[in-house]
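J.: With the hints in hand, could you dock these two chains into one complex?
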Amino acid sequence: MNGLQETLIETWHFYKRTLTLVVTGSKLYYAWCFSLLAIIVTGLVFYLKQHEVGLIATNMNDQVSWGLYIANFTYLVGAAAAAVLLVIPSYIYHFKPIKEIVVLGELFAASAVVMAILFVMVDLGRLDRFWHMIPFVGSMNFPQSLLAWDVLALNGYLFLNLLIPIYLLVKFYYRKEPNWKFILPFILASIPWAVSIHTVTAFLYNGLPARPFWNASILAPRFLASAFCSGPAIIIIIFQIIRKVSRYTIAIEDEALFKISELIAYSMFLNLFLLSAELYKEYYSQTVHIASFKYLFEGLHNHKQLVPWIWAAMTMNVIAFIIFLIPATRKRLATLNLGCLLIIIGVWIEKGPGFVIPGFVPDPLGEIHEYLPNLVELMVSFGIWALGLLIFTLLMKVAIPIETGEFSHVKYVERAFRMDEERQAWKSWK
Amino acid sequence: MGDKLYNRREFIRNVSLTALAGLSLPLFSSCSKEEAEDFLQKHFREMTSEEKKRVIAKLEQRYLQKYGRKFQISTKEALPETLWGYGLELSRCIGCRRCVYACVKENNHSRHDPQLQWIRVLRLKRGNLINLENSEHYYNPDLVPEKGFVYLPVQCQQCQEPPCVKVCPVHATWQEPDGIVVVDYNWCIGCRYCIAACPYKGRVFNWAEPNIPKEEINPSVHYLGNRPRMKCAVEKCTFCIQRVRKGRYPACVEACPTGTRKFGNLLDPNSEMRYIIDRKRVFRLKEDLNTESKFYYFFEA
Chain P
1 MNGLQETLIE TWHFYKRTLT LVVTGSKLYY AWCFSLLAII VTGLVFYLKQ HEVGLIATNM
61 NDQVSWGLYI ANFTYLVGAA AAAVLLVIPS YIYHFKPIKE IVVLGELFAA SAVVMAILFV
121 MVDLGRLDRF WHMIPFVGSM NFPQSLLAWD VLALNGYLFL NLLIPIYLLV KFYYRKEPNW
181 KFILPFILAS IPWAVSIHTV TAFLYNGLPA RPFWNASILA PRFLASAFCS GPAIIIIIFQ
241 IIRKVSRYTI AIEDEALFKI SELIAYSMFL NLFLLSAELY KEYYSQTVHI ASFKYLFEGL
301 HNHKQLVPWI WAAMTMNVIA FIIFLIPATR KRLATLNLGC LLIIIGVWIE KGPGFVIPGF
361 VPDPLGEIHE YLPNLVELMV SFGIWALGLL IFTLLMKVAI PIETGEFSHV KYVERAFRMD
421 EERQAWKSWK
Chain F
1 MGDKLYNRRE FIRNVSLTAL AGLSLPLFSS CSKEEAEDFL QKHFREMTSE EKKRVIAKLE
61 QRYLQKYGRK FQISTKEALP ETLWGYGLEL SRCIGCRRCV YACVKENNHS RHDPQLQWIR
121 VLRLKRGNLI NLENSEHYYN PDLVPEKGFV YLPVQCQQCQ EPPCVKVCPV HATWQEPDGI
181 VVVDYNWCIG CRYCIAACPY KGRVFNWAEP NIPKEEINPS VHYLGNRPRM KCAVEKCTFC
241 IQRVRKGRYP ACVEACPTGT RKFGNLLDPN SEMRYIIDRK RVFRLKEDLN TESKFYYFFE
301 A
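Here the protein sequences line up with chains P and F, keeping their order.
FYI, in this note's numbering the residues of the first sequence are 1 to 430.
FYI, in this note's numbering the residues of the second sequence are 1 to 301.
None of the hints are false.
Derived DSS-like pairs (lysine-lysine); straight-line CA-CA distance at most 25 angstroms:
1. P:96 to P:171
2. P:96 to P:331
3. P:397 to P:244
4. F:214 to F:105
5. P:99 to P:181
6. P:294 to F:286
7. F:246 to F:70
8. P:49 to F:33
9. F:58 to F:70
10. F:125 to P:304
11. P:304 to P:294
12. F:33 to F:53
13. F:246 to F:105
14. P:281 to F:286
15. F:125 to P:294
To be clear, the hints were calculated from the coordinates, so they are not data collected in a lab.
Same shape as in the complex, but just chain F (with noise of 0.2 angstroms):
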């Protein structure tokens, strides 16, 4: 009686844990390499040095695999009383978009199908500019700026009460002491809980596997800000993380042909930023949500 019990036992175990092991397989196996060897690892923040070292490692090995170049991935930490800000005055604007694709290139989005972008410029009717509803957003006119019509770019607002950071279920994107609020696209579960939350637009999806050409590649990359991501992870605006933690300017910032664009430190009593606040008529968009957002927006006094 007992033998044959066991016996049964067994098969039944047998049985089911082949079942399981065959229905999960398929998922196993549409599991990259790349995926199974980042499983464990720790979210960003709880890593010790010596962990995010052995991550940068690793990251390089395999950029250098994919891309053929050698990359500098950095995790430098905020600089002591920074808070970053950002100035754009809509009287400049001229919505030629080359901010859009100088963000797109130095930040090394996916370039086709889908082709991701962080910075939105958005075109409205004179006589407009709040309710966005009557704004047109793919705009393609041989020649900007166009009559009657002003500009309106809008990409991550970089909020000091960043609605996004609240809702993410795992801590997943976070805002960093000088304000900006970064993702750890490895922690991302792609919920999407943050782009329904964000009242700017602000966060874009991975939908598929992302893809760069390697000749477009930018190897100068933070490890939270413009390092190539995954496919279903989220990813956003960073002030161009890479650039300003080292004193550059944004890459939208330098792009721009005619000025509309200002960067620079809000802490600084002496800095571009505090200039603008200080002297010109500046506004928020959508100030009523309380976001507390650190972008500008102004007119010529």
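Bound conformation, chain P alone (with noise of 0.2 angstroms):
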């Protein structure tokens, strides 16, 4: 009875102390965290009116029926899937300056599963519906459909890349080791199941021969590789914002950026490859499938809307690669960091709007129109990465004390002559 009662008394100084963590900050905090509160509002605002009267209100219609939100759930997947090359090298390899920093990539990595969801359902037309899709509860078409695999992949993702974190801070908070028996099978299995939430997107496109452009088998390995090369671009900026802001010291190497780097030097590689590869077979083989190709990289009966996007988001790759090659311009942050931003920007308009559009130019019927999203798809979009970018910053709030030590179970706390101790039994388990 008594451990009970310290037990709820202790749950609930965790989650009292874990709100003040993160109502209290810096002003730098608190200007940032309602700069995207005021974007996630404006984007909620856009998105009543389209839920008011009905997705008349995007530039989607009958011919472009997929656009921007569904262009970002397709980055945001792959972005997503990214984490498994953190958890990759810390678990199975433990190579120890990105096991520092593995639980923060799977923070990242539910954030963004978070934002994919979002974009589908704001993509929803008739949202109130939604719990059809539910099994059990409504009839989910299992199986048979793609996108009932691709709501069972992303939940247990997100479900994974929540509990493996969440379990292992948890552990630290009350300063005790993990039962590894019982978490390593959910780090074990997230390894397969990153590859697979971005294989079953792939898939889903993929498996239809209505649409040449994306019925390629080349499609599944094409988007594993361009998301080997964002997510973990994204992953080495936010990891030095984090070492910057963050008042506490945490232990993110330059080792680590270094080797994650390494890896998106191959990424990139083999994305350039299987593009490469799949141009081939369109130039040379010259079949009416090439249409999409042609809208994409030069333009089709004069509609050429898509063209200069696509040669910058080649030419942003190949610098990007080429930075991300040679070791010299690797490890120097400052190339570093512009190699990443080239990757992020070119690799969404190449797997986002470079990959969802095309596939709807020319219809099936031989239509072309062509398809820029309006400002409500705009505004949505903005409103849902901000909120993206709040649920991570929030998470990173009470995460990273808790890793450095910081923030602990209270009777820890006083003694923090001890700290420095345990900050080394944590790390030696690690």
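T.: Right, here's the structure in full:
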């Protein structure tokens, strides 16, 4: 009885202190959170308008029936899957610098999945019927529909990427050795699961013979390759920001960032190689199926809206590849960051709008209808990105002090002198 | 201590619930009364006949209020030993689009901004047929047929292996025993995956709340066919399910001035469709995709 009461009180303390931790911060922290909130509210207002009048509020139509939302969804699934690039070196190969930050990477993946799911939700015409998709409650078309697979895969991945980091953080909060027999199977499961979320998302497009642009078997490998460029690039940037603004001294070593950037170099090579394999096949064989590629890369019947975008993306990807290939530029933070930014934008164009829109142009009856997102779609998208960033910020606000040992069970706080010792203990099991 | 703890917790709970309600209130308030009423409605195929009757009564009441007409809403099931097939004689089509507008009227399509159409007539330069990239969808001459062009009407091809049914994440669309692919407009979540999957552009989406002038409404409807639809649900040609299950021809077949359009039961050896398949040179659009469509194009022998 006494033990239970103590646990309850401690849990309450944990929540209370977490809340305090989240709502107190520097001026910069407040400014950041409130600007994100402002963007979220703006996005919500635009979404409400869309919800009221229907999807006619967007620029999508019967010709191009998916647009910016699904483009963002595709990109974010990839970014989320990329956490696996931290999981493998840290838990399998015990590469220490990355092990220090793997929990943060997993929380990043969780935030990215939340954004991906939200992008699907805002794209649904009938949000009120969302429950039709819930297994056992509605009538999910499993295993026939790849969208049903995606719902299961994404939610499973979200569960894993919340369970693993939260379990480890709570254990450290209480200064207890994690039960590896319990958590290791989940960690191991998260590796193939990361690959599966992006594979399933690729298959979602891949399985449509009506759309030759997507109906290429190289699609899933291409998706994974580009995801393993963009996701880690975002993580490298975010970790440096954390290192700069966090008042705790979190151990994010340059070496970890350089290791991640080396992985990006390999992935970008694969990405460019697979793309060129596809381009070769289309341009050498010159069948009618080349139409979408032509629309994307050179314009079709004088419709060339996407052409400058894709060439910009190609240029960025190639420059970034060179930066990441050469150890000297890879291992200098200035050039490293430039490369990351180029990859984040380049891959977004390539596998977001540059991948979704040409699938619809020309449409199956040969009609060419050019699509550009309108203000509603842009604002709703910004709102979701802001929400994801806010979720990630708040998670970091709690996770980092736990990682550094500043935020822990009450009885340890009073014995601050033991802190260093404890930190050593934490590091040794890691 | 305990007291204080309870109060605090209660405070936090109240604040968060209020915030949640406050956030979702605009969402609820932008739902119409109809949407709220239909929220928990079951999938059509899972309803008992009693539940179907209740839904029909509700809809009749609603339509009476909205359009001032008494509707007959049928839920008539497929006729036994029937598999509907369609024939279209390309050499006869003059591209007048009367089928398009007969369909719009019969099937209670949204009329203005946007006007939905289930039939699309493509104009192709003579010498082209399969590469639709060279087609014109919005030709608008004073007189048809135009010299040097042929016309290719396309609508839902009622595939026997429909890609749209396969991809629907919620079973909102399915194939009936008589081969017609239908949609439960009340079950569709509006994800538009079926539109991406259809090789024939056979599906259109209600991007906005559909509008039909009262005086143009067709009150003789089928639940899975031409009943008035709602915003953000998908819809498609049903071979005029409301007509063909009562032994009538689809509206487009009746409207065609040149006799281009044929219709019949593929399982009946004496039907017009079987006659055409046996004696004419028929082909189906995009046969290479193995959709096994039941829409046969043909030329005069």
